[in-house]
Structure formats: structure tokens, C-alpha cells
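Peer 1: The lines below spell out each chain.
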Amino acid sequence: MDAAFSQLCVLGSSLVLIFGLILLWRRGVTAYISAFMWQSIVLAAVTVVVAHFGKVPELYWVAVCLLLLKGIVIPRLLRRMERRFSPERELEPYVNTATSLVVSGLLVLFGYAVTRPLVALSRLPTRVGMPLAMGLVLVSLFVVISRKKALTQVVGFLMLENGLALLAVLGTYGIPLIVELGVFLDALMGFLVMQIFIYQIHETFESIDVEQLNRLRH
Amino acid sequence: MVAIIGFALGVSQAALALLLAPGLVGLVRWLKARLQNRRGAPAWQPYLELAKLFRKEVVVSSNASWVFRAAPFIVFASTVAVALLVPILLVPLPFDGVGDLLVVVYLLLLGTFFLSLAGLDPGSAFGGMGASRAMTVAALAEPTVALAIFALALSAGSTNLGQIVARTMSGPAAVSPGHLLAFLALFIVTLAETGRLPIDNPATHLELTMIHEAMVLEYSGRYLALIEWAASLKLLIFFSLLSNLFVPWGVAAGLTAGALTLAVASLLVKLVILAAVVAVLETRIAKLRLFRVPELLSVSFVLALLAVTSSFLLR
Amino acid sequence: MRTFALLLGPPLLAALLATMVRPYRRIVGGVNALLSLGSLGASLALWSELLAGRVVTSGPGEFLRADALSTLLAMCVSVVGALAAWLGLSRDDSYNGAQVRRFRIFVNLFTFTMLFAVTSNNVGFMWIAIEATTITSALLIPLQVTKASVEASWKYILIGSIGIALAFGGTVLGYFDFVNMAGRHETALNWTVLVASAAHLHPQVIQLAFVFILVGYGTKAGLAPMHTWLPDAHAEAPAPLSAMMSGVLLAVALYAVVRWQAVVNAAVGRGFTDGLYIALGVLSIVIASFSLVVQSNYKRMLAYSSIEHTGLICVGLALGPLGIFAAMLHMLNHTLAKSTMFFLAGRVLHRYGTAEIGHVSGLLKAMPWTGGLFATGLLAVIGLPPFGLFLSEFALIRAGFAAGRPWLMGLVLALMTVAFVSMIGHLNRMLYGAPAAGVSVGEGSHWPLVPLAACMVTLLVFGVTLPTPLETLLRQIVEIVGS
Amino acid sequence: MRSLFALMLAGYALGAAAAVLRPGGRGGRGLVAAGAVLGGAAGLALALQVLLTGTPFVLEAPAVLSIADGLLFRIDRLGALFLGLVGFLAVPCGLYGAAYSEGYEGRASLRLLGALLNLFLLTMSLVPCAGNVLTFLFMWEGMSLTSYFLVLTETDEPETVLAGGWYLAMTHAGLALALAAFLLMATSSASTTFGDLRAAAPALSPSARNAVFLLALLGFGSKAGIMPLHVWLPRAHPAAPSHVSALMSGVMIKMGVYGLLRVGLDLLGGGPTWWGALLIGLGALSAVIGVLYALMEHDLKRLLAYHSVENIGIIFIGIGAGLMFQSFGLPALATLGMVAGLYHTINHACFKGLLFLGAGSVAHALGTRNMEEMGGLIKRMPRTALFFLVGACAISALPPLNGFASEWLVFQALLGGSAIPQPEVAVVMPLAVAMLALASGLAAACFVKAFGITFLAIPRSARAEQAHEAPRSMQAGMAMLAIACVALGLLPFAVAPILGSTLAGLGRVTPAAIELTRSLPLQVPGASGQMSPPLLALGLVVLLALLPLGLRLLGAERRGRVGDTWGCGRIGQTPRMEYTATAFAEPLRRVFAELYRPTRDLSIDFHPASKYFVQSIAYRSEIHPWIERLLYNWPLRGIRRAAVWVRRLQAGSLHLYLFYLTLAFLVLLTMARWWR
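Those sequence lines, one after another, are chains A, B, C and D. For the first sequence, numbering that gives the first Met the number 0 assigns the number 217 to the last residue and increments by one with no breaks. For the second sequence, numbering that gives the first Met the number 0 assigns the number 314 to the last residue and increments by one with no breaks. For the third sequence, numbering that gives the first Met the number 0 assigns the number 482 to the last residue and increments by one with no breaks. For the fourth sequence, numbering that gives the first Met the number 0 assigns the number 675 to the last residue and increments by one with no breaks.
Just so you know, not all the hints are guaranteed correct.
Okay, derived cross-link-like pairs now, DSSO-like style, lysine-lysine, Cα gap no bigger than 30 Å in a straight line [what the hints assert, rightly or not]: (1) B/Lys31 <-> B/Lys51; (2) B/Lys269 <-> B/Lys286; (3) A/Lys147 <-> C/Lys146; (4) B/Lys286 <-> B/Lys31; (5) B/Lys31 <-> B/Lys55; (6) D/Lys378 <-> B/Lys55.
Since the hints were made in silico from the structure, they are not lab data.
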């Protein structure tokens, strides 16, 4: 039973990481949003698996929240914003696709190296997936750095939160429910505020290209 | 009782110096004249000048203040005080405790200080020029004098004049090469301080070259007499310092009449010799340009420094 | 339970009141000010409880707990909150009714989140509260929508959120370490539980967790190299908000790091955390001091000075018990001094219309009282007697020498002197000379200066003596953190 | 003693309160002055009581400054000496300030000036009383801060603000160094009281002791104004009101000497030979270069400020000689050196205070400090001129006055160098003698210029013509100091034993070594000279009295008349024909040209018709102290360049900021993961 459980977890978390890497490969914003949507859905699935096999009933609620919040609501809001600023396709990011893939590969390896003591310490069957979660965290950090559009940076940030949520689920079968709900509330509020700011940036700068935001220096 | 005799001897020594001083200057002038094949005024001419000046009325500039009137008295008083301290005739000086070689040097600086102020007071360009140059020369000569004192004090163990003379008299061993170098250094300083030829021409009234004369240009009557007399006394003091500190033989050790007459005789001989040396020197060399004088003074400084190091190493 | 209600309730009530009163009226400001005194009274009550030796806890699973460290921070937050409430934005400050209403709502929420962060025993709730502080304060930075404030707010929210996310990672790893050791149960995330069982935690994992925590909360505390958002945010935010952020938000973030420092020290000993603290602390002081030398904007100058003092507190935390005592005292002094300075900077900005040091001249002639207070405050900030910062810096450097780090203290002293000289130069350029053209001479309304002067007087008192209740509080903090 | 201490505090507090409550009007200013005078007198009385009885005064206030052993005042003899110095100078300066501050009437700075003056005196009096490190540094920085604001009373001139900036920067750097020195010593001691530091000092390793001494030398040297660290002194002192400059130059820089003595001699108990040699070297350098730059000044107060640098150099030579002799185990000569340094400290306080007050009354009367616009003031300000002359003679070390007495002692200490066994070390002494003599010679030249150009001859400007004598209270202040100069000059045998006793118990200097005989001549055992200033003065006075009698006896002509100054026959004398300050110093400028490196630019525009006719010639020559450029410009430029480089870190790009964050995160992760 445990073998199937850990196999499913590894499959799920690797899928989540793959969707993260798709972000680096594709250029269009729509691709970013759909990749993020699917990633959230797979994450919800992994949570359900862990809830079922790990016999942790609260995780079902967490999975439902994940699915609702990050699977449906946030992508719809992102698509509305994307339609509004659609003419601005993601121009050439700081790093071209080839180098960014190589760099993200190195980061995943680094994630592996760093999380080895975690895997060694943990006795839970899901411990194998943790390096993948750490890899996703580092890759999403790289995404936020290398992308020029504010919208894409927000997607990168959301992916970072997904990575950490995955780490929480795999490592500890989910942190206590109340704290988990608080985290979701914060995530939603954070996204809404970022959405307001993107609209403001668009009003004042007529584009959401973050490179124009370099007036404040020294 | 002994103190009173000592006090009287000290005062009489100073009186003798006062009397001899104008004659010494007259002697130097007479020797220079003879060397230049001139008949020259007799050696006692300065006495006549002083007497004449004392009878003349004093003309004081309208710009001058009390400093101008007080300066001659201060200069004269400080020079006489030095004469009291310096062992011209006898060694166990009554005023030994009052001041040592450093006090002598700084008393002379007091005189130069007030003379320069008096030079500035009337507000004429010559007085200012003289004051500025005199103070420059005095300032540059200070280190040499200090080092010469250091060399003497090193071998004598104290800066006290009486002790230095006694130490040098006590035997040939005391006369080290350091003494010779110190003597040369002090000789150059003597020429600088008393305004003799290579630094300042005492005989000229050419505005651009005179230093001492420029400061006293405004003085007349009894003030000028006092200053001239003080200047000549200063010359005598330096000559006696040179002779007694380095060639002290003949200075009276006890208070007997015989020793005193010997001391007076040896003093006169030494003064005549030094006067002759200065006279020959002044006829041989021309006046240095003012901005070459520091080089001469730095030569004397190096000599004094060598004197100190040699006395250190040979101690 | 009552004291916590009195502490956390007032800001919530004020925020609620502000939201309901649709067209903004001045009464909201008055009520807000009175309510803020409530939370101030509550923190004093907590303090008296502590002096009597009782640590107040309440709520299910003891999720609210006020020990010495929390009480000190609660004091700072409530004092600065009260200042912001009393001196908040008035309508004539070129802000319209809607903006002032929004300001009132979010400032109170901001105060509430900070108070909740410092009094929550549960590390998870502490994280949630600090994330909430980012959100509530971010909305206030672009109160007046200009290119600069929008840019500053975007940088603030993005860097802040990423930092806080990493901090969440650290919390998760800490919980993971605990779960492996003692299994999952409800109060696992309570700080008291974590510290008690710290000895059994796995050293390797807890060190990784502390790196996440230090980078995460360090971003909120303005530690270099994560400080880059701080000068922009503090320069563009309205004066009361930048006063609260610079004065006390940095302290709250440091509070979170210190909480986890206690856990890590109990687990692996001081060596690891000291090394990190000194590295980041010195880097902050270096960057801040040298940025002050060629600074031309006085609000950014104050922001960089905050970075420098945060770095100094970090170095202090790494110098043993004496160092922690001095660092905590320095945090209290800095909060008082820096918040007052930002309020005064706000008044100067309002009168001169520009934040450029070059354009502000003759401050003493134009606004004698504000100028005088501004000069006194700046002299206090750069650590001159008779103000408190001189004493705490002396104690800190003495702790450094006692801890056997003379070269480090030499470097810190040199950097502090560089900062001192440059800030004196900027201050002189602003104070003296003739007032700039078109600047009306004469003090505006005097009564806002009264609370600021009161802060200066307290700083003077802390500069001359150390009241025994404060000393016992600091001793208890040293026991908590340094044990 | 406790009542005297309380009276001192009360006096200064009264003065400060009066200044704040009722600044204006004669009454207000009178009250301020009364406060300062009362405080000063009480301080002086307390100091004398401690000095004479030898019982230290201890006052404990553990509640205040309780973070490091509370507030502790412990006045031993060394502290009492400097406390007495502050009190001694506070009385005349307070008196002087009453009339001088009339110029600030009606300005806001009057209230500030009065209050800060009393606070400044209070903190400066408490510096030598401090018993532990925190009290000392608290009062020290308080003194610097109050004097900084006093320097900034006239803030409408930009260079005053610049001078204030330089001053506070240097003093704060000095405080940082002193703090490091004290705390380096306090590492091994239980608490930070001086007693514990003294007990823990032997346990320090030699390298730590050297580090502490060097830090203390730099820290306290910057306050004293020793050569490489003196740059703030000629800028800050002239900018302050004159009675404040007198206090700063007379007493505040002596606190640097006190600090050095407290750390170097008392707490560390002396050290290796190179300490003394370093002090002598720095002292000699400061003496000569200080006076050389003073010669070139024609701002009267800047000239006096540079002279403070010179005299501090002389004090350092004395103390350096003392330390060196102590390292060779010659207690008699060590005490002589120390006593010479301390005696010159007191004398300098007197004559420098007198000179600054004199310069202040001239500036008060004329409204300018530029000597080129003065002249002929002796006829319009006779008493100020007399006092200034007494000060000038004292500072030029002319015999009957106090400058000569202490400089004579310093010479004797240096002449004692012959007793040093190692010749290569002993050669330092003659060099120091030469430098000291050159400095005193140049000082005499400089003060002939200062007094001659300012007071003698014809007024050079309309302002100088309408000059009026200083008010009575300013004259009273100056008179007090002039009498002090004369008295200290005549009674060294009374002062020297007291100074010798202050050194009792400090380090390994035994007080018995200096039983200065109470008789008239000042005979110091172990040294080689003997002199008796009272007899000398008596002799001079008698001779001066006898001269007019002698002249009458000789029947010298009594008549005299007033005529024009001789000008080779031309009629009329205009001020432009007089020698100016720059002209007076021109020969020495030429002699020391390599040191000054004067900048010269000569612009001649010829007549358009032909090259041989000139329309106008403009000649400008300035002297910028190249020491400053050499020592201070490159660190300042370095810091500025580093600042511009660091500024580029905040380049505005959000991606760059996120990159910093991620880089830090990755580096710390690797460190945490693989750190052992």
C-alpha cells in the first residue's frame, strides 16, 4: 500500500514541477495561466491522495480550497487581466529560453542537494517528493527574476506558493487546519492586492512592463 | 658679609663691562680703518658720540606710543642684567643662582623683541623692514644657540655658567672636539646677533641692507645713546661668552687682588684678539644677501648638531 | 483574556468604524485616537503583569501569549500606533476624504496585525499576521497615485511577499522537523512547545529552516541585501505610515527572527546564528553608511539610517547575553527616535513641498520648533548623548569587546562615524542659511509637536538613566532568548 | 567638599536657567556671567581643596547611567588639577562674556549662547571628575556637543557651518577611538570604573597595551589638536565667540592632555620607550609646523588657534620626555618632564585665554578679525593693548613671565636626556631641543607681528580709527589673566611641588623624586639648571628704575619734541607706507618656501598699444596647508568613491533587487547545508 502511495506522490509532484518548467519554455501569457491552473489542479490531486492514504480527514478541506481558489478563481481573474492587457505579449525576457532551462535544471539539482537531510530524516512515505517541491520553489524564484511583465511575475509568485504548499503536504501531511486556512486567506488577499497594483501600474505607466519602474534609485 | 662683597664684585664687574663696551666697538672700527689704509677715528670715538647724544634733545615720531619710549630702557636693562649673569672676570658668581645660560639667551631675545616693536611703532617702512629681518635672524639663530648650550651642558653636567667655566678650567680633558665645533657655531651666531658684517652691515645707512640700524632709525638723543651703548655691551658680552666658556684660562677663581688683576688683563687680551679677528673678517668678506643668511645659519646649526653628537659619542 | 481583548480590540473597532462612516468625518479620527490609548493601556497592563512575574496567556491552545519580548514589542507598536492615530492625516494635508478614510481603515488593520503578530504564541499565526502587515501597509503606500508611489508599492509588495513566502517555507521546515520527532498534534506550532523540545530537533534541518526564516523575515526587517525595497517604500509612503513602518514594522520582523533564534540556539547552540547575524548585520551597516554619504533626499536618509540601526541590532544579537540586552534597548530607543523623525519629516515635506536636502534650507528660521525638534531627533538618531541611543550603543560595543570581537567593534565604530559625519553634513545643509524662496515662515499648528516632544523627553530619560521596570523587562528577555 | 561640588553645579545651573528665562538686557547677561563665575569659583575651590589635602572626592549615583556602573565622580589630584584649570579660566571668561555678549542683544542666539556657555563649563568641569568610563565619555561628548553649538552661534556665514561640521566630525571620531581604547582595556576587568581598569591593566598583553595607548593617543590627540589631527582647531576656534574660543583653546584642548595622562600614565602605568619618543616626535612636529602656519595667518584668531597647536606640541614634548625617562627608570627626570608638561598646560591656559580675550575685544571694537585693517589701536585701546602685550611676552617665553618658566623646565627635562644610557635613543632629545628652540624663536617673531601690526603705528582702516576701549568687565577679565601670567611666572617654586604631588601614585613615578626646594631658586635635582625668576624680575625692575636716575645724574638733556616719522625727506605719512602683516612674515615665507609651497598666479594685461606698457597687474599668492590635502583628502575621496559605488547597488531595477534576495538565499543555504 505504501509503495503505491509514494509512487502516486512522486508522480504528482513531478507533474507539478513539469508544469513549472513549461512556464520557462513557453512565451505567451495565456500559456503561463493555463500551466499554473493545471499545476494547482495536480497539487489538489496530490493533496487528496495524501489525505486518503495518510488518513488525514482535514486535508480534504484543504484540497477543496486549493481546487476552488487556485484552480478556478485565480486563473479566471488572471485571464480577465490578460484580455485587458493582451496586446503586450511577453517580449524577450532577460534570459533566453535555452539558458533559463539550463539554469532551472541546475536549480532543481541544487534543490535536491539541499533537501537530502530532509529526506534522510523523514519517515513518511511521501518524503521522496520533497526535493521536487524545493526544486519548484527555486525555479519559481528564477521565473520571477527573469520575467519582465508584472503579470508573469505574479504567476511566478503563485507558483512559489504552490511549491511551498506541496512541501508542506509532502513533509508534514499538511500543517494544522486553522493555520492552513489563514495561509489561504493571505494568499487570496495578496493576489487581490497585486491585481489592484497591476491595474494602477497600467493606468500610470500605460504598460505593465516592470522595466519602466526604475525611477527610484540611490 | 661675604654676600655683600660678592654683590659688590658682581656690580663692579658689570660696571667695568659697561665702561669697556664702547671702547671695544671703537677698537673694531679703528682696526677696520687701519686695514683699509685709512687713519680712522680713534678707539675712544664712541665715548664722545655717547656723550654728545646724551646732551642732544629727543625727537619722537607723532605716531609712536609708550612702547617706543620704553623700549630703550628695557633693552638697556636686559643687556645689563645679562652682563651681571655672565662670568666676565670671576667664576664664583654672586648671581649664579639667579640665571643660567638659557636665561641669558632669552633675556637677549627680550631685548630684540622690544627693539623690533619699537621699530614697528613709528610706522615707517624702514622700521618694519628692520624689525621683520631682525626677528627672522633671531628666530633662525635660536636652535643653534640651544644646541650649543646642550653641548656645553652635556660636558659640564649643568647649564649653569659658573659650573661650565669651572669644568672647562679644571683640565685639558674637558676641551673636547665638541667644544671647538660649538665655538665655531656660537661665533657665527655672535656675528648674526650683534649685527656684524656677513649678516648685517653696522656701518651703512643704505635702507635696503641695514637690519639693526633700520630699527633704531627713528631714535635720537638719549634714547639713541642708550640703544647704541646696549648694542656695544651686547657685543662685549658675546665676546666674553665666547672667550670664557671655551678659553676660560685667566678668569679669577678666588677673590685675591692678584687673581683679579690677572683676570682683567686676560679679559683685555682676549677682547683685543677677538676684535682683531672680527675686523679682519669684516674687511675680507662682503655682506650676504638676506635670503642667503639662513644658509649660513643652517651651517652653524649643523656645526652645533655635530658638537652635540660628538660630545654624546665621546662621553 | 481581558487584557488581550483590550490590546487587540481597539484597532479592529477603529477600522470597523472607519469603514462604516461612508463620507469621512473628523469624529472618526478622534475616536481612533481615543481607542489607540486603550491598546496602549493594555500593553502597560501586560508589562505590570510581567513585573509581578506572571506571563499572561489565553485563548484555545494558548495561542495568545505575552512574555517579556512580546510585551516590549507590544509597547513599541501601541506607542507608535497611538502617535499615528493622534497625528494621522488631516484633510488639509492635500488628501481628500476618501483617501483619509482608506488611511484610517488600513492603519488600524496594520496596527492590529502587528499587535497580533507579537502576541501570538503560534508560529503559524505569527507568520499569517506578518504577511497581513505587508498587505495592509502595501495598500497605503500609493495613497496619492504618482509614478514614484506606484513603483515603490509594487516593489514593496513583490519583494515583501516573496520574502514572506520563504519565511513560510522556514515555518514548514521547522514544523517538519518537530513532526518527525514528536508526531503531528494541534499545539505543535506553539513557540513554547518548540523551544521546550528544541534539544531533540535535528540540527541540519533546523539550520536550513533558520536560513529560510532569516532571509524571509530579514526581508521584512530591511536587512541587507534584502533591504532594497525599504528606501523607496519609506520615502514614498505618507509620513504616519513610514513612521510606523520604519519605527516598528522592522522591529516586529526582527521579533519574529529572534523567536526562531531562541529555538535554533536551544537546538544547535549560538555559533550558527551568531555567524549569520554578524554577516548580514555588518553588510547592512556597510551599505547603509555608505549610501548615507551621497544621499540627497532626507526621507531616504532616514530610511537608510533605519537599515543601519537594524544591522547594528543584528550584530548586537550575536554578542551574547550582554549584547542581547543592549540590542533590545537599542530597538526600543530606535523605535522612539525614528518614528518621531518621520513625523517631523512629514511636516517639513508638507511645508517645503520637496524631499531634496538641497532645496530645504533655513529650516530653523522657517519652522523654529519643528526644525529644533528635527535637529534634536537627528542628533539622537546618530547616537549623541544625552539621548538613549548613546547608552545602548555604548552597552552594545562594550558587549562586543567583552565577547572578544575587538576588530568587529572597531569596524562597526568606523562605519558609524562615517554615517555620523554624513548625516551631520546633511542636517547642517537643511538647518542653517536663509529659508528657501516661497516658503512661508512660522510654525503651523503647534499641538502635533506636543506628543513628538514627549517622545523626545522619554528618549532623554532613557539616555540619562535606565528605569528599573525596563531593566527587569530586558533581563527577562535575555533569559528567554539567551537561555 | 560635597557642598562645594553642589555649589559648582548650582552656579552653572543658575547661569543656564537665567540665560533661558531672561536672556536680554544687562541684568540677564549679568546673571548668566554671575552663574558662570560662581560655578567656576566653586570648582576652583573644590580643586584646590583636593589638591592640597590629597583626599579624593567621591560621589556615587548608581541610578543614573545605570547601564554601566552608574554615574561615578572621583576627583583625585590629577583630576583636581584640570578641574581647577576649568574653574580658574571660567571666572575671567564669564566676566568677559557679560559685556561681550552685548553684541548678540536681540538675537535668538543670545539665549542659546548664555545657556550653552554654562552647560559647556559644567560638562567640561565634570570630565576630569569622572570616575568610570561611561561618565567620562558622557561628559566628554556633552562638552564636544555644547562647544559645537557654541561654534555655530553665527550660522549665517557658510564657512562657520563648514567649520562646525569638521569640528563635530573630528571630535566624534576621537570619541569612537577613545571608547575603543577604554573598552579594549575593560575586556578583562570586572567593571568599567578607573580603579578596576587600573587593576586589570597589568594583565593586558603587550600588544593590547600598545593598541590601547595608540587608540588613546589618536582619540585624545584629536581633541588636543596635535599635528596630524589638528585640522579642526584653526577652523572651529576662530568661529566661536571670543570668550568661548578662550575657553576652548585654554582649557578644552587640555582635556585631551588629561585623557592621555589618565590612560597612558595612570591606568596603563607607563609603557615602552617608543611611547615617549612618539609623543616627543609629534610634539616637536606640532610645535614647529603650528607656529609656521601661525606666522602666515592674518586673521588674528586663526593665528592664536595655530599657536594653540604649537603650545600643545610643547606640552606633548614635556609629557613624552617624562614617559621616556620613566621607561628608562629615571623617576626624578620623569617627574621633571611631567611637571614641565603640566606647568606649561596651566601657563598656556592663562596666556592663550588672555590673548583670545584681547583679540575678542579688538574684534568687538572693530567688527573684523583681519589684522591688515587694524593698527594704532594702542592709542585708542591702551589697556587692552597692555594686556595683549603681557600675553604676547608670556607666549614668546620672555623671562620674567610664566611662558619662560615652563619652557625653561621643558628645556631642563630635555637636557636631562644625557642621562639616557642608549645613545641612539638619546639623540631624540637634542633634536627636540632644536625644534623647541626654533618654535619659540618663531613664536617671538609671530607675536612681534601680531602685537606690532595690530596695536602699533597708524590705523589702516576707518574702523580702526573709531575703535573704542573695551567695556570695564571685559578689561577686568583680561586683567585677572594678566596678573595670573605674571604671578605664575614669578612663583614656579610654589606651583611645581603641587604639580609634583599630582603625579604621586600615578604609574611608577615616585613623588619623592621632586622635592623642589621651597627656596627662591628653582633647583630641580637630577636636572642641570637653576634659576630664580623673582630675583631676575627684581633685578630688571631695579635696573629700569635706576636708568632714569642715572640719566638725570649724567645731566642728559630732558627736553624732547614730537616730529614726523623720517621718510627720506618726503612730507606726510599714509597708512599704506606701513609694513603689513604679510610683508612682516615675507622673509620667513621665503625661507620656509618648501614647507608652505605657496601658490602664485600673476596676471598682467598689457596695454594694447605695446608689450612694454602694462594696464594692470594682479598678483595672488595663497598658502593651503598641504598636510590637510595629503592626509585628509584621499580618505574622504576614497569614502566618496565607495559611496558612489555602493549607491549603484540601489539601481532601481526590481529584477536586480530580487536577484540580490535570491543570491543571498542560495549562499546562505549552501552555508547552512555544508557548514561545520
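Peer 1: List, from low to high, the hint numbers that the structure doesn't satisfy.
Peer 2: none
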